[in-house]
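Participant: Quick note on UniProt numbering: the sequence shown kicks off at 1 and runs consecutively.
Note that these hints are calculated values from the structure, not bench results.
Bear in mind the structure is a predicted one, so any value in this text is a computation, not a measurement.
Positions of the beta carbon are idealized from the N, C-alpha and C atoms, including for glycine.
Keep in mind that a hint or two might mislead.
Label pairs and their in silico Cβ distance ranges [claimed, not checked]: (1) Arg79 to Arg52: 30 to 40 Å; (2) Glu83 to Leu59: 19 to 29 Å; (3) Leu53 to Arg27: 29 to 39 Å; (4) Asp51 to Val14: 20 to 30 Å; (5) Ala42 to Gly74: 14 to 24 Å; (6) Gln3 to Arg52: 38 to 48 Å.
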Amino acid sequence: MSQDFTLLVVAAAVLAVLGLHLVMARRGAVWLGAVVPCLWIAAVVVMAVQDRLDLRSSLVSVAGLVMLLWMWSGGRQARRKAEADRSPGSTRQTP
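Produce the complete structure using the sequences and hints provided.
Facilitator: Written as structure tokens, this is what we have:
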């Protein structure tokens, strides 16, 4: 298997996981949005136990976790806003 194909597969997998994370954070139950960050933490812990983390990898791991949690929070806020707009007591008028 060529290196370019492997890189393409990894990039597609990362994009698929991020897309799934966004959908779960916005559409599913609140805890579903936490699945991907929990898997991220588990992967980082496994890498730390195997002594595969250096300073740069640690910083990237923390930045990735912050990004995932930020996406989760944004998804929850968007969901809350959408539910408030749909509620019967909403003051928003539709044309």
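Participant: Next step is simple, just say for each hint if it's right about the structure.
Facilitator: Status of each hint after checking the structure:
1. Arg79 to Arg52: 30 to 40 Å: Check passed, 36 Å falls within 30 to 40 Å.
2. Glu83 to Leu59: 19 to 29 Å: 36 Å, violated
3. Leu53 to Arg27: 29 to 39 Å: 33 Å, holds
4. Asp51 to Val14: 20 to 30 Å: 24 Å, holds
5. Ala42 to Gly74: 14 to 24 Å: Holds, since alanine 42 and glycine 74 (Cβ atoms, about 23 Å apart) stay within the stated range.
6. Gln3 to Arg52: 38 to 48 Å: 20 Å, violated
Going through the hint list in order, the structure does not satisfy hints 2 and 6.
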